[in-house]
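Keeping their order, the protein sequence lines are chains R and D. 322 is the number of the first residue of the first sequence in the working numbering; add one for each residue after it. 5 is the number of the first residue of the second sequence in the working numbering; add one for each residue after it.
To be clear, the hints were calculated from the coordinates, so they are not data collected in a lab. Predicted, not measured: the structure shown is a model, and the values here were computed from it. All clues given are correct.
Computed footprint of chain R on chain D, listed as stretches where at least three residues anywhere in the stretch have a Cβ under 8 Å from a Cβ of chain R:
#: 1; stretch: 299 to 307
#: 2; stretch: 383 to 396
#: 3; stretch: 405 to 411
A few chain D residues facing chain R, derived, Cβ under 7 Å:
#: 4; residue: P316
#: 5; residue: L317
#: 6; residue: T319
#: 7; residue: G320
#: 8; residue: R323
#: 9; residue: I379
Heads up, the beta-carbon is just placed ideally off N, CA and C, and yes, glycines get one too.
Chain by chain, the residues:
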Amino acid sequence: MSGMSPYASVELTMPADLHPKISQFFGPGKPVARMIDAWWLGLCIGVKHGQKRQRSDEVRKFADGTIFASDDWRIVHLELLAVAEKGEAILAQPREVIRLASSYADYGLEWVAERCLGANEPILALLSAIELPSD
Amino acid sequence: MKIQRIRVHNFKLLKDIDIQLSIDPAKPLTVIRAENGSGKTSLHYAIIWGLYGMDALKSIASPADIRLSSKAAPSGSPVFIEVVLDFQITDEAGTERYQLTRHVQETPQVAGSVVRGREGVKLSKLTAAGDKELDQPESWLEQWLPKRLVDIFFTNGDDVQKFITGKQEARVRQEKVHLAIESLLGIRQLRTAVVDIETVQSGLDRKAARDAGGKLEKVTGELERLELALKEIDEEYEKHTVRLGNIEKNHIRKTRDLEAIRGIGDLDAINQEIQSLKGDLASIEGYQKKNLATMTGLLRSEALSWTLSGTPLMTGLARLDELKDLRKIPKTSTQILEDRLELGICICGENLDPGSPHRDEVAKLLAEQQDRDAIAERLTDLRYRARALRSVNQQDFAGARADALGEFAKLADSVRSKTTALQAAKERRALIDDTRVRELAEELTELDRKKGDVNFKLGNLDARRLTVQYDCDKKREEKRNAERNADISRDLAIRRDVGLDLLNLAKAVQNQLEGPYVQRVSERLDRMFKDIIGADNSDTTGVITSTSISSSFDIVVSSQHGNSLDPDFEVNGASQRALTLAFVWSLMEVAGTVAPRFIDTPLGMVSGTTKERMVEAITRPPAPGETPYQVVLLLTRSEIAGVEDILDERAGAFSTLSSSQHHPLDLVHKWGGLEPYSRNCGCSHREQCNVCARRHDNDLGLRFREESVA
Chain R
322 MSGMSPYASV
332 ELTMPADLHP
342 KISQFFGPGK
352 PVARMIDAWW
362 LGLCIGVKHG
372 QKRQRSDEVR
382 KFADGTIFAS
392 DDWRIVHLEL
402 LAVAEKGEAI
412 LAQPREVIRL
422 ASSYADYGLE
432 WVAERCLGAN
442 EPILALLSAI
452 ELPSD
Chain D
5 MKIQRIRVHN
15 FKLLKDIDIQ
25 LSIDPAKPLT
35 VIRAENGSGK
45 TSLHYAIIWG
55 LYGMDALKSI
65 ASPADIRLSS
75 KAAPSGSPVF
85 IEVVLDFQIT
95 DEAGTERYQL
105 TRHVQETPQV
115 AGSVVRGREG
125 VKLSKLTAAG
135 DKELDQPESW
145 LEQWLPKRLV
155 DIFFTNGDDV
165 QKFITGKQEA
175 RVRQEKVHLA
185 IESLLGIRQL
195 RTAVVDIETV
205 QSGLDRKAAR
215 DAGGKLEKVT
225 GELERLELAL
235 KEIDEEYEKH
245 TVRLGNIEKN
255 HIRKTRDLEA
265 IRGIGDLDAI
275 NQEIQSLKGD
285 LASIEGYQKK
295 NLATMTGLLR
305 SEALSWTLSG
315 TPLMTGLARL
325 DELKDLRKIP
335 KTSTQILEDR
345 LELGICICGE
355 NLDPGSPHRD
365 EVAKLLAEQQ
375 DRDAIAERLT
385 DLRYRARALR
395 SVNQQDFAGA
405 RADALGEFAK
415 LADSVRSKTT
425 ALQAAKERRA
435 LIDDTRVREL
445 AEELTELDRK
455 KGDVNFKLGN
465 LDARRLTVQY
475 DCDKKREEKR
485 NAERNADISR
495 DLAIRRDVGL
505 DLLNLAKAVQ
515 NQLEGPYVQR
525 VSERLDRMFK
535 DIIGADNSDT
545 TGVITSTSIS
555 SSFDIVVSSQ
565 HGNSLDPDFE
575 VNGASQRALT
585 LAFVWSLMEV
595 AGTVAPRFID
605 TPLGMVSGTT
615 KERMVEAITR
625 PPAPGETPYQ
635 VVLLLTRSEI
645 AGVEDILDER
655 AGAFSTLSSS
665 QHHPLDLVHK
675 WGGLEPYSRN
685 CGCSHREQCN
695 VCARRHDNDL
705 GLRFREESVA
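With the rest of the complex left out, here is chain D (with noise of 0.2 Å):
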């Protein structure tokens, strides 16, 4: 079924909007473009009131605010409010055309508050020869679209998650999963047909007991009570094979956010970094004293002495050397007056006894030199222990004072590396969150154990499985050889193989559908939503690895090693789009369901490159053989930029709504009354018009047309 038409009087400000939808296999997409407070959100509403009632609406908004209407409708007026949507439907026979009027009145009160008279819904099928108007239109549609699957015909981009998001209960996310895909696959109803068959079945199996006798209609009791012992045993199975699943998967994650956290690393193994780093420190404190009092030691050294006065002490000592050249240090004149007093003989062999007046003139001169040698004899000490101190002190200061700077830079380096470990670690060591890891630890034991229980639990049905069935075919046997013995009817004999055969046949579909074509539906989700993220998805690097549905109906978003991603914090925004998109497409093309895609603002959050595969995966024409569908979707002007030529290659169809409350702000032109309502042209997204034409649509490079405003 494709929606051909759509028609809305005054429902919210979509005073009278019309607009032609897009049937052509070929070009499958219907652009609406719209900004926000342009009347896109009221013409979902539109279409879903149209299409069910006051009912769907409810399931969307809150009851008490529900009011068809304009708000500015002046009150004590009725407001007549109608929907009209026409179909084409194409099967083996042809195509035919439906058109479904739901209209109702309301009168808005004083205090905003509105009454509503009751609502008329009609369904024509549009023929050459007239219109001829169907009975029971509720009954029609829900063979087409149905109520309960109104998630996946009619969304929009922030709802668009909610088939995956962990915001929503696992439970409630499964069962949405669950109804989508049982629906559009036919399960439901093949489950509804095998429970009428058994009942069928069971009727005819009393019957024939009935017939036959006492001991087989006791037989067939007997086995009755058998089998529903093991129906409910299979139920009870199934009911805790789900919850063995959602314990598992609640581990799993628990076990991540135990892991993230002593993925910063274990807390006795950065306890012990840090003494280590605190211990290092210490050593090189100690290294950095050693250091500093070598620096000291040069700095009150002789060598620096040498080094930095080493002119003029060589200078004093050139000075000592010429004063010994001299021969006036050292001084031996006096040893030498001495000796010869002593001996009493002067060196030229006068007599110096005592008395001798030559020994007088020595022992003058003797006295004189006396003086002169206090200062040469210290010049003589000087110029030794000067030569003696030069000749030991060759120490090297530049080179000295080199080491020790250098050494001094490279324990500073040691310091402020060891230093930032150490910030780093006590930081590390701040962020593992002691209580935390305790309660995930006791949490993780709790569901260790629910895990066992679950387990035990299974185990103990298996066992009473195996009894029952032994039970039941021994029942069989049993009920097999009472019939040989009695007397049933021909007739119901065989009324009753073919109910056996038809159960038979129906429970094998069902396990088809339950199986492979779920199968089918997991690959093509998985095929799809790599097409449109694009990104490495290899099993060693890729960030998402796979996706798929599960066996208790969730949709996986797997990573590497096999771990599973969260959606709500490790998928992005634009991934959990693609990912409920593809997950709606796959569905619909496995189910065959010819049915509109209509989503509201799907674009938002997707950019780039991604947003070009996203447009481009969601209105790719059906290859031969694949399902024909039809999708629309309402973007902004925002939404459009990036993807105009995907969009002029997969339109069919184009309207684009305005909101007169927009001019003069916004729109150009003025063609509203003093109500604000909307209204929508025929420009595509390259077009601009007297009606929908925005201040910066010429910077967008859009050509003006001509609409006619009434």
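Next up, chain R with everything else stripped away, as it sits in the complex (with noise of 0.2 Å):
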């Protein structure tokens, strides 16, 4: 890909009321750096499951899609995700695309936030808890 990301510019966000709880173990100086990848976490689970969760009105900015540049297999991995539901056309829409993977991540954080976050040792449960396709 050469250029430009058609993602810099657009926010990644997540539902206000999962944010406290996702920061307390993630983000800088916590068990996991980056914030963005508690929502790839959520994400994934959430796609895992086949769940999304309405966007709510009230979200919180943690990052914008410039973070994707530290991983940019993740943007494949985002264009595949969208392209498989809801075609090709949807690339030429970076904020769809976005959004369509933040509902999958509401639904992913919420889950995480529920099941492991209050455990002694939240990486141990995360890794526990997650289902594999074939668990």
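Relying on the hints, combine the two individually framed chains into one complex.
Structure representation (structure tokens):
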């Protein structure tokens, strides 16, 4: 891919009610250093469960699309997911790609917050709780 | 000597007690059954008072508290107290019967004290022709049941340990054992005889010397002084030897204490262990951090994304492949159109030069295609990148997760085991009392110093003894020469020679008694004790490997590797009783003393098969050639439980003591008046009657018999 990422200017958000819980564990100085990793984990879990959460009006930005530059494989995954679900035309609308991903991530983040972050060792709890396709 | 009958009148609560004891050698046991508070101890004291009077009781109870009459007796009314004991003595000449009567009158005062009259004591020999009163009952009794051995003949379950318990000072305990051994084996009398003969011998020597003239008298005097010095050295030597024994015993005990503390572990080694465990834990903590980082990495990994979102991702990729198959991507037509415009000739051969009509159409087509290709280009790019990622990211997330979780569990186990070990090491360290270790070490050093002092003194005494012995031998030779040259009367010489022979004989017997006889007591004690405790006493696995009487007259309990056990802390209550009973039995057997053995509540703290073996051992009829004996056991119902069959077989007489105070709570029948008192009935341990029946006797299966109630 050449030139500026079409996602660079897109804001990444999560529901405002989940943000405080998630940020206790994810973020600078926390067990997992970046909020994007929580968001991505939520996205994967939402997709795995085939569940989305109705996007809330009250959201909180935690990053923008430039964050994907550090893990550009994520853009590939985002777009594959979007193409699979909405068709190739969606690639012309990066905000829609992100909106689709966020609706899965919101579900996954809620699942993470409820199921794992209260445990003594959240990383262990998260890793253990993830259901793999063969589980 | 055996006691045949005991009658007690008005002693404490014993109003009128009449008990026949078994004197049958085949059934040496008499069972007196009595519950607590029924008068066992009063009977015990009554017998001691009957035999020895108030002095003997004063050694047991506080003199101020001694009151022989019942505290329920009204003040101002004199109470006549009497104990009558019938004895039987059998020797080569046959069997003779005696009766000892002791009486006194007490008048209770208002304040609870008593005014006691003068004791009267009477000893009679009972014959078919009538009773014959004998003089000096105390001397007669001293011959058969010496007062100093009252501990041996009459004891109770709690006092029974007095010969072994470390609660008594070693010297007191040794004296008790020593006294018992000396008295019963006759060593004491023999020692007195030796001293007496030596005195007579000295007198004869002095007389002979006087008769023989100045030189012999002088030599004899010098020899006497040397012999006295030799004796003093020997006494001092013995004193220091005993002291050395005590120091060594103390040393062993303190060493054991120190080893017990050190047995917890060496402080330096424990500290080292703690440091090592802390290091291990720190290192594990590092591994745990790495493990968590691995887990975190897995949570944010592309592999996880492929694993969880694999289905839609592969669907997207399939769509891109489909677009490629449909040749919708990659879009190459714009390039072709551009090339053709640049060449000025279409692929169909038409001219595309500027201004040509065909060129305008191709240029328009090119503009439309360029718009659609922006998406197609991205799709193409996406497809290439997706396929590239897919081909290189085949990490097995499931396997990596299993490895990480397994590692976590393994590390958590290590932390747990190391933390437990660390905690245990810290607790062990806390148990080591540094101050006590230092104190014990200092005490041991001090004991070593004292041991050195005593050994030094013993060495000096050895040297002095050699010198004095040499002088003595020389002086004896000198005396013999002087005697040869002197004129001593034949009669005096014979008397002196006989005295010398007697002295040598008495000393030889004394040595025999102090050596082999004490050894026999020791061996018998060991055998009987092992029979009673019945445990594994092998010298490799047993806790108690042997028991013996030491040269310092201590009863020693030995364990593995020659260690001795502390009777207070390392020998249980049942074994303490077994040990003391075995000592008394062995001593009396070796001494050949026919005397009663009264034991009040002997089976407390003893149960099960040990109880059976103990009763079996202390009631076993003597084998032919063994000393006959008589044993009287004062037992509660719970002590009797489990040994009824042995009592059936071994007991030749039974009696039961009951107190009227126990009605109605425990006793079934009322037979007492206003004043409480105890009485006996003829019930055995298998029976109950209208005097002794208690609430649970039917549950115990005791059969009922009638007892006349006066």
